[in-house]
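Engineer: As you go down the protein sequences, you meet chains A and B in turn.
The first sequence lines up with residues 1 to 163 when you count with this note's numbering.
The second sequence lines up with residues 164 to 288 when you count with this note's numbering.
Please keep in mind that the hints were generated in silico from the structure rather than gathered at the bench.
Be careful, since some hints might not be right.
To be verified - With a straight-line cut-off of 25 Å between C-alpha atoms, the simulated DMTMM-like cross-links for lysine to aspartate or glutamate are:
no.	chain 1	residue 1	chain 2	residue 2
1	B	Lys274	B	Glu288
2	A	Lys95	B	Glu222
3	B	Lys200	B	Glu285
4	B	Lys200	A	Asp13
5	B	Lys282	A	Asp13
6	B	Lys200	B	Asp279
7	B	Lys286	A	Asp13
8	A	Lys95	B	Asp166
9	B	Lys200	B	Glu280
10	B	Lys200	B	Glu288
11	B	Lys274	B	Glu285
12	B	Lys274	A	Asp13
In this text the structure is predicted, and so the values were computed from the model without any measurement.
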Amino acid sequence: MSLARAGAIMVKDLMSAVLLLGSYSFFLSLVWASQGAVDVAFVEAVVGAGLATVLFLLTLFGTAPKDTRLQRPPPSLITLIIFPLLGVLLLYAAKDLPGFGDPNSPASLHISPTYLEQSYQDTLTPNVVTSVLMDYRSLDTMIETVVIFTAGIACALLLRRQA
Amino acid sequence: MFDAIFAVLQRPNFLTFVIIFLWGFYIMVTRYNLVKKLIGMYLVQTSVIFFLVSISAKEGATVPILLSITEPVQAANYANPLPHVLTLTAIVVGVATLGVGLALCGAIYRKYGSLDEQKILEKLE
Numbered sequence: 001m002s003l004a005r006a007g008a009i010m011v012k013d014l015m016s017a018v019l020l021l022g023s024y025s026f027f028l029s030l031v032w033a034s035q036g037a038v039d040v041a042f043v044e045a046v047v048g049a050g051l052a053t054v055l056f057l058l059t060l061f062g063t064a065p066k067d068t069r070l071q072r073p074p075p076s077l078i079t080l081i082i083f084p085l086l087g088v089l090l091l092y093a094a095k096d097l098p099g100f101g102d103p104n105s106p107a108s109l110h111i112s113p114t115y116l117e118q119s120y121q122d123t124l125t126p127n128v129v130t131s132v133l134m135d136y137r138s139l140d141t142m143i144e145t146v147v148i149f150t151a152g153i154a155c156a157l158l159l160r161r162q163a
Numbered sequence: 164m165f166d167a168i169f170a171v172l173q174r175p176n177f178l179t180f181v182i183i184f185l186w187g188f189y190i191m192v193t194r195y196n197l198v199k200k201l202i203g204m205y206l207v208q209t210s211v212i213f214f215l216v217s218i219s220a221k222e223g224a225t226v227p228i229l230l231s232i233t234e235p236v237q238a239a240n241y242a243n244p245l246p247h248v249l250t251l252t253a254i255v256v257g258v259a260t261l262g263v264g265l266a267l268c269g270a271i272y273r274k275y276g277s278l279d280e281q282k283i284l285e286k287l288e
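Full structure from sequences and hints, please.
Structural biologist: Here is the structure:
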């Protein structure tokens, strides 16, 4: 996974960068499946690895076959200073976070056991993710489709020929 | 000092998140090509989603699909489903914004004939 990611950044040809990004996305979905998030893994494999790669490729075919060899600018001094500093600051926060795989982490304690225990009585669906997404949080999901609709309209307006 | 390093090594998910996040952010800031910048943005998105999903993992827990519908549920046996739902929404919305960004790239290319930031700035002047 990290190889694919490094390749997506290092490689000079834009087309191979996009294809490597797709494979990175697919490996990421495998990582999520191994962490117990099968629904997320499915969505990432379909939407992330599939749809995003197709969108990138459509843009590349539509735009710049000549322009795809990239030159890489040397990073400026400010970025060289700020990025390690930002990394150290972020890592300094690690002490306050729950450990990896901790069953008593705050995210797993407050309301989430209630969802796991009650959801079958409430919704008659064994898949808890589905019952939360489509039943408890169904309004969120509905408005999410509005977001996607807006994005579709924006794409259609931008890609009009006689604009 | 050693405390902090030990705390980081105990949380490999957070270390991975920081690496992917900074790497994608760095790409967004330094590269001139607009599609490359969008690749960086996608890396930042996936890093945040990776962090949320890894929070939901529990030691020795299985996927949040109930194994038996008659027995009472032990919550410690299943991974936390709430971050999964959150990230499902985040992935789909992220790809939608990515699509809008790519459409913008296409429109820019049709107007200026290049995806390179510097060439576009030259043409703007």
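Engineer: Taking 25 Å as the top limit, are the C-alpha atoms of Lys200/B and Asp13/A close enough?
Structural biologist: holds, 14 Å
Engineer: Need the status of pair Lys274/B, Glu288/B: alpha-carbon distance at most 25 Å?
Structural biologist: Given pair Lys274/B, Glu288/B holds - Cα atoms ~14 Å apart, limit 25 Å.
Engineer: Keeping to a limit of 25 Å between CA atoms, is the pair of Lys95/A and Asp166/B held or broken?
Structural biologist: holds, 8 Å
Engineer: Is Lys200/B close enough to Glu280/B, meaning Cα to Cα at most 25 Å?
Structural biologist: holds, 10 Å
Engineer: Under the criterion that the straight-line Cα-Cα distance not exceed 25 Å, is the pair Lys200/B, Asp279/B satisfied?
Structural biologist: Roughly 11 Å between the alpha carbons, so the hint for Lys200/B and Asp279/B holds.
Engineer: Straight-line Cα separation of Lys274/B and Asp13/A no greater than 25 Å?
Structural biologist: holds, 23 Å
Engineer: Take the C-alpha atoms of Lys286/B and Asp13/A, compute the straight-line distance between them, and say whether it is at most 25 Å.
Structural biologist: Holds, at roughly 24 Å.
Engineer: Does the structure keep Lys200/B and Glu285/B at a Cα separation of 25 Å or less?
Structural biologist: Distance of about 19 Å is within 25 Å: holds.
Engineer: Decide if the proposed pair is consistent with the structure: Lys282/B and Asp13/A, CA atoms, cutoff 25 Å inclusive.
Structural biologist: holds, 18 Å
Engineer: With a cut-off of 25 Å on the C-alpha distance, tell me whether Lys200/B and Glu288/B pass.
Structural biologist: holds, 22 Å
Engineer: Within a Cα-Cα threshold of 25 Å, do Lys274/B and Glu285/B meet the stated pairing?
Structural biologist: Holds. Lys274/B to Glu285/B sits at ~13 Å (cutoff 25 Å).
Engineer: Verify the proposed pairing of Lys95/A with Glu222/B, using a straight-line Cα cut of 25 Å.
Structural biologist: holds, 19 Å
Hint compliance for this structure: no hint is broken.
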